[in-house]
Structure formats: structure tokens, C-alpha cells
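Chain by chain, the residues:
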Amino acid sequence: MKIAWLLYKRLAEAFPHEFKLAFGDEMMQAGEDSIADLAKRHGIAGVARLIADLALHLPLEYLSEMRRDMKYAVRALAKSPGYALVGVASMGLGIGLTTNVHNQGWVLLTRTLSGVANPNQLVTAETPTSYPYIERYRDQKDLFTGVAAVQNGVEFNVGLPGQSGKPDRVYGQLVSPDYFSVLGMEPQHGRPLSADLDKTGNVPDVVISDRYWRSRFNSDPDIIGQTIRLNGQNATVVGVTPSKFDGALTVNPVELFVPTTVPATVAPELGNDALHNRGLKSFQFLMRLAPGVTIDSAESALDGITRRLDKDDPLAPPQFDKAKRLVLMGAGTRVQIPREIRPKLLGFYIALMAIVTAIACLNLATMALARGTNRRRELAIRLGVGASRFRLIRQMVTEGVLLSLLGGAAGFALAWALAAITAHTRLPAGSPLNPDLPIDWRTALFAFFLAIVSGIGFSVLPALHATKTDIAPALKQGADLQLFGHKRFGLRNVAMSAQVAGSLLLLLVTGFLVLGLVKNSSIQTNFNPKTMAFLFVDPVRDGYTPEKAQAFFERLPDRLRRDPAITSFALAAQPPYLPGDDDNFHLTVDDPHQSSPVQKDFSQRTVGAGFFSVLNQPLVAGREFDERDQRLDRNPTGLPGAAATRLPLVLNQKAARALFGGVRSVVASMDPNLTLFNVQTLSEYLELIRASMSSALRTFGGIGLFGLILSAVGLAGVTAYAVAQRSKEIGIRMALGARKSQVLALVLREGATLVAVGTVIGFLSSVALAKALSAITTAFADAFSLGIGDPRLLIGAPLLLAGLALLACYIPAQRAMAIDPLKALRME
Amino acid sequence: MTETRAHSFLPLKSQWFHIMLSLAGGEQHGYGIMQDVLDRTTGKVRLWPATLYGSIKRLIEADLIEESSKRPAPAEDDARRRYYRLTSLGKLVLDAECERLQELVQAIKSTRAMVTEQG
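Protein sequences appear in the order of chains A and B. All the letters of the first sequence, read from the start, carry residue numbers 841 to 1668 under my numbering. All the letters of the second sequence, read from the start, carry residue numbers 2 to 120 under my numbering.
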């Protein structure tokens, strides 16, 4: 009984203050009076009912209080539409951009592969290896439940039997037959590749992607068992992957999954005995860790095996370093990020989101502080008639939450618009998947929670500040309470300086990134990019033998030379300027700065005769390759490497676009069955690269701009408020003979001090942050090293911000000069 | 005008009806209302404290009852207690609800009579 009464009392005390004020005592007494009677009549059940009644009504009463607070907040905001509008706009920008960063960055990096069972168990190595090595890893049955080999970016010419016309050129993966069982994936139609059926010699089985099935085969329900032509050979479609699965271990869309058991005529990549060649490190592996095996223990076990394998290999270059031979990373996500970098990269996104949100909150906090001071008299009156301080704070916080919820709705609309723009950006063929990141309920939920947290975040301190009031003087003097308000470290000044610092930090860091990205992708050519064209021809995938292809490439230059419109041309295995497809390898070289030889990364591109002269690129020393070098048995680079199987033509012609037809007819006259594809001028290609970066530029640029706008708005608001507050003082000064310029200086000085302090802090912290970020990943280091040295940004951004901030102070300062001393003194 | 406003409250929630009915006889305090309802319904309806005071709060907000300044003789008075009475709108609403219930009872009676005759 005693416990029940104690519980009743506790619950009754927990009711909202206003409720207790009106009914607290009575409710307490009613409980005391009835509890004994209830126990006597109904026993435990009656007492329990009494307690339950209180427990049920407690949240209801709070809800009804919240509804009242909300109504009050709507009225309060409606009364100051200017504040509401600026608040909603800045909160909307802040939440919108944060949501955008969350969607484009965070979600993209953390999204797991769809259709895959337990994606967290999947791992892969950071660098590719050779097929025989993977076979050895496969023996470690205690570490893994499955290991599959994968080769990425394998191109196929796909046609239908009996159909003339150009075959499709699509990207596929060469996969070991257990690929789908390691992924734990069931196709939506048909069956996965199977080790038993895919014996060499039969017509090979292939699995196609859902997207390819829809786009190329029109979602044909009879696709299973259909024969297609892969690089001129027959193959049978046995399965279609689940929708939204774009292949593991790659960000490029994969349309075909072809087993490694196919002959080299189907996949030239399997030539050179690729499945047994230890030197050909062109495969990645996909492993599923056995339950209880950590990625660290798997890594050290595999590292040991790799070390032994390297030692046994007479052809492997000697390695001197003690560094790991093999580093594992998670493979269950759409984008694979090395483990070392992952937390830092995610940390960067968290920091970016936090800074943007914090600046929006600071901006609103400074405005709310000013507003709170203006409302002192109102607050004091309400405190005087018995409102609790907690109630007032709750009301002000509710107002803030309402404001930021409205801002959240605006921000969600902004994020939606940004995503829609990104979705419409056309990406170059074969480039990373256009991140299919639609704005959905999860995004809305994120924006909603962000709004609530921000709303509480920015309004609690100002509310505490505003209600910390001595009632009597506040009633007497109202807003003019503290005329000597030059507290150097006042909450408002600190908030203001922090805002300037944060804005500059954002502006500079995003500026570094934007400049770095632009510089990284801008390509300097010694000629007009419109006059260069790329054409790709790949006779091996059109069914040629390597010898026949070699003969074709020997005859081609003569035929092209006869076309007067072509000023120069060259053959190359990879097109110049374009990313990807480089063969990367290590060489051990002597470094004069190091005591022992070091490993260095090189990238190799196989190029033909006249390559550098087409690019108008003089060599530093030596001679250009010519046709004497252009035989596959005399490998021009002198380095181990695969024979060039895909040779694009690089043409430099006066008007590239108009003359594609000429080249087409030259190739057609040599063999009408050969396919020319990806016919583009260099400038067209550069345009596409630029387009693919526009999303990142828009996000980062938008964030930088956002900081700029917000800090200007915040400064203008705070200065305007300070002027209004000091109008009496200014009036007295003017009445005593102060000149207008002196008044202007007085007002500007305060703003300028805040701006200066904020600028210095912001500048130093952004340089420090950029340095710290460059240390984290090479991706940032490249961008930052290019951006950080740019004087335009280093000097321009602080000047721009400071200038804008001073302008924001100047406008209200001018209003101060217009104060009529008589009117100001007559106030009150 | 007031008529329509009064009708907008109908049908009354049962707790509201019981509280207002208790106040029809005159001013009463919260605990008194609770006892009154218990007596009137021979213990079948008990207004639990939080339900009771929550309803009183909402009835005041809806302008159906108000706090009364009239207090009983000092000997019987408990300073902690507040007394409530019906507002003029509250009286209208209570009348309208009683009328509605009477019509309902009438309808039940006549339907029953028909059923009995047929049976």
C-alpha cells in the first residue's frame, strides 16, 4: 500500500507544471482519500487501476501542453514574419544541403549490395591478384565459406543469332562459376552459373543483369535458354540477376556474368593461359568469411600464404619491404573503401554535415538571442503572473522546433530538387553507376530528425538566456535592460564569431575541393580538342584471331593515310587523357634519397606509331615510336604485358565530326563485319567528364555559398538588432554633437571585430582541416594540394566573406546614422 | 448561434456528462464530483483522479464549466479545494444532451414495445 501511494505521488508530481498548479493538490488529496477505500473494496486490482489511470493520462497531458505550445508558436511566428522567413530559409538551406550530403555521400558509401545475403561477411583484397593465387586461397576452408574469382571491366560484343546489324558493346565480369553461390544470390529468373554444367567445351552459360534484360531483351519472359552471340561465339542465357544488382566489386554497371570456363575466343582476357599464369594479376577475389572469423585474422592468414607464394615464384620481382602483401577490405557495399580510409572518409562526411547544421543553428541562435532580449518585458510579465521558467523555455524551444520543422520541409524540397538534377545528369558510357539514390522516406526521416535536433539545438541556449531575468528591472525597462551590453565574451558575440569562422571554414574547405576537382579534370592539350576524335575497333571481339587482327592493324594505316581530311592518326591500346584501363605495375627502382631500393607504382599504356605527334606532345628525350616498333612480337614498351587486343584509333583532323563517315567507310571497305564504337570527339568526351563531376561540384559549391549567405544574413540581423537596441544611446551621442561618421564607425567597429576574430579562427582551422584531410586519403590530398596553393581562394575567400560581412553591418549602420536624436530620446 | 454551438458538443463524452450532471445541482469540488458520480451510479462509474481532473481542465478550456468564487461556510471549507459550476453555455449543452438522451430512451422504448407486440 505504501509503495502504491509513493508511486501515485511520483506520477502526480510528474504532471506538467500548469496542470499541477491548477489540480496538483486536489489530485494528491483525491488519491490519498480514495486509495484506502479502493484497496478495501477492490483489492490490488483497484489500486492498480488508480495508478494506471495516472500513468495513462501523464503523456496525454504533455501532448495537450505541446499542442498549446505549438499553437502559441504559430501565433508568435506569424507576428514576426521577417524572422520566420529568414529562419525558415536558412534552416531550409542548412537541412537541404545536409540531407543532400547525407544522400549523395554517406548513403552512397555505406549502401550494401542489394540481393546479397549477409553482405557484411564479404571481403576482397585492395589490389588484384592472379588466378592461381586465388585457387590457393580457396583451400583455406576454415577461414572462408566461399571464394570466387572476378575480373572486372571485360567488354563483350553481344549480338543475336540470325540478326544482322551492329552488336552491342557491353561491360561484363568474368567470374568463377561459384560467384553467385558466394554472394548467396538467387537469380530472379533461371539459375545461377554452376560449376558442374560449365565444363569447357560446351556452349557456355551466361547470366545477364536485370537492367540488360529489360533494356536489350525487352523483359522477354522466354529469355532463359535463349542463345546469344558473345564476341561472335554462341552462349546460352541461363539466368537473370535480381533487380538493382549491378555486380559485386565494382562501381561500374555490369551487364553480363560470364564464367571463367569459357574459351579465350569468347573472352580474349583468358588468353595467355590467364587461369594458370601467376604473373597476370588481373583477378579480384570475393570471399565470404566463415562465422566467427574476423577480417584481421583472415588478412594475416592470407598475407602469410601470399608471402610463401611470392617466394616460390621465380618470376615475381624481389620485394624488400616488410609491408603487407595483401590488405583486405569489405566487399559487401556498392562502393568498396579500404578499411584504413573508411572511418576517416565517413568522418569527413559527418564533420561536413555537422558543420553545415551547426552554422545554420548558430545563425538562428544569434537571431533567437536578439529576439529573446527584445521579448524580455513580455517574458518578465509572464514569469510575474506565475508561468514557470521551464514553461517559457519549453515554449521558446517549441517555437524553434516549429521554425526548423518548416525549414526541414523546405530543406527536403531542396534535397529533392538537387537529387532530381543529379538523376538527369547523363554520365559517360562505362563510367561509375549513376548513383541510384532516390529521395525516399528514409531521407525524409533524416531531414525530420535533423530538423527536430537543430530546432532544439539552436533554441535552448537563447531560451535559457532570455528567461534568466530579474523580473523587476525587466518590467521597468523592457528590452533596453542592459545598455552597457558590451560584454566581450557575451553569448551573442561568441555565437557570431563562431558563425563567421564556421562559414569561412566551409567556404575554404569546399573551395579547395571544388578547385582541386576542376583542376584535376581539366586537361591541357596542345591543340583544339574539337579536332581530335576517338574511334574504337576491336577485331578480336568481332571474331578475329590475334594474327588476323595484327594483319588488320598493319594494313589500316596505309588505308587511312589515303584520306586527305585526316592530318594525323595513331593506334593505341588505351585512348589518351581518358581515365581507367591503365595497366598498373610495380617496379623496384633505386632512389637516391633512400638507402635501399623502393617500390614505385607505374602505369603503362600501350601506344602505337606516331602517338605523341598526334597529341602534339614533344618528348623530353629520345625518339617517337614508329612503325618498326609496331609489331606485337616487339613489344614497344619492353615491359611484360598483355598483347593489345583493343586498339582505338586516334585521329587528328580538321573537322573530326564531319569525317567519321570517311573512317567508317575505310574500315568497312576492309571488313564490313567490323564494329566501330564509341565514336566521339575529344571535346565531347571532356564534356561528359565534366558532367559526371557536376553533382559533386554542385554539392560542395552549394555548401560554400550557403555558409557565405548565412553568415551575411546573421551578421546583418545581429547588427540591425544592436543598432535598434542602442538607438537611444546613439540619439544622445548625436544630440551631444557626434558626427555621422563617428556613429558609423561606432556601429561598424563592433561588427568588424567579430568578423576579424571569426575570419582568423576560420582561416587557421580550415588550413589545419585541409592538411588533416590530405593526410587521410590520396583522393583528398590530390584535390587539396591543387586547391590549397591557389591564392584566389586563400586570399579571396576571407576577403569576400569579410567584405560581405561588413556590408551586412553597413546597411543597419546607415540606419543608425538616420536616427533622429529627438525621436530617439522621446521613446518611452 | 449558441444553439448550434451547444449542439457541436453532442454527443457528450460520458465523463463530461457525469461531471456536468453533478454540477447541475450547484457548485462542487473535484472530489465531491467523484463521490457524487459514485453514489448516483451506485458505484458503477468511478471517475479516476487523472481522468477527472483532465476532464475538468478540458471542460474549462471548452468554456462549459468555470471555477466558482463562491465558497462554502468557512467551517466546511478546505482552502486547497477549487469549486466549479456550469457556465451558461454549459447549461445549454447539458440540456441539449439530456434531451438527446431522452429521445434516445423514447426510441428504445417504442422499438421494444413493437418487438414485444410482434413476439
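The set of hints was computed from the structure by calculation and includes no laboratory data. Predicted model, so just to flag it, every value in this text is computed and none were measured. Be careful, since some hints might not be right.
Label-pair ranges, simulated between beta-carbon atoms [as the list claims (entries may be wrong)]: (1) A:Ala1260 to B:Leu105: 35 to 45 angstroms; (2) A:Ile884 to B:Gly27: 47 to 57 angstroms; (3) B:Thr5 to A:Val1334: 54 to 64 angstroms; (4) B:Ser9 to A:Arg1229: 49 to 59 angstroms; (5) B:Ser9 to A:Ile884: 25 to 35 angstroms; (6) B:Ser70 to A:Met1657: 36 to 46 angstroms; (7) A:Ala1260 to B:Ser9: 38 to 48 angstroms; (8) A:Met1657 to B:Glu67: 51 to 61 angstroms.
For glycine and all other residues, C-beta sits at the position ideal for the given N, C-alpha and C.
Status of each hint after checking the structure:
1. A:Ala1260 to B:Leu105: 35 to 45 angstroms: For Ala1260 of chain A and Leu105 of chain B the Cβ distance comes to about 57 angstroms; the hint is violated.
2. A:Ile884 to B:Gly27: 47 to 57 angstroms: Given about 37 angstroms between the Cβ atoms, the range is violated.
3. B:Thr5 to A:Val1334: 54 to 64 angstroms: Holds - the Cβ-Cβ distance for Thr5 of chain B and Val1334 of chain A, about 57 angstroms, lies within 54 to 64 angstroms.
4. B:Ser9 to A:Arg1229: 49 to 59 angstroms: violated (37 angstroms)
5. B:Ser9 to A:Ile884: 25 to 35 angstroms: Violated: the Cβ-Cβ distance is about 42 angstroms, outside 25 to 35 angstroms.
6. B:Ser70 to A:Met1657: 36 to 46 angstroms: violated (57 angstroms)
7. A:Ala1260 to B:Ser9: 38 to 48 angstroms: holds (45 angstroms)
8. A:Met1657 to B:Glu67: 51 to 61 angstroms: holds (55 angstroms)
Going through the hint list in order, the structure does not satisfy hints 1, 2, 4, 5, 6.
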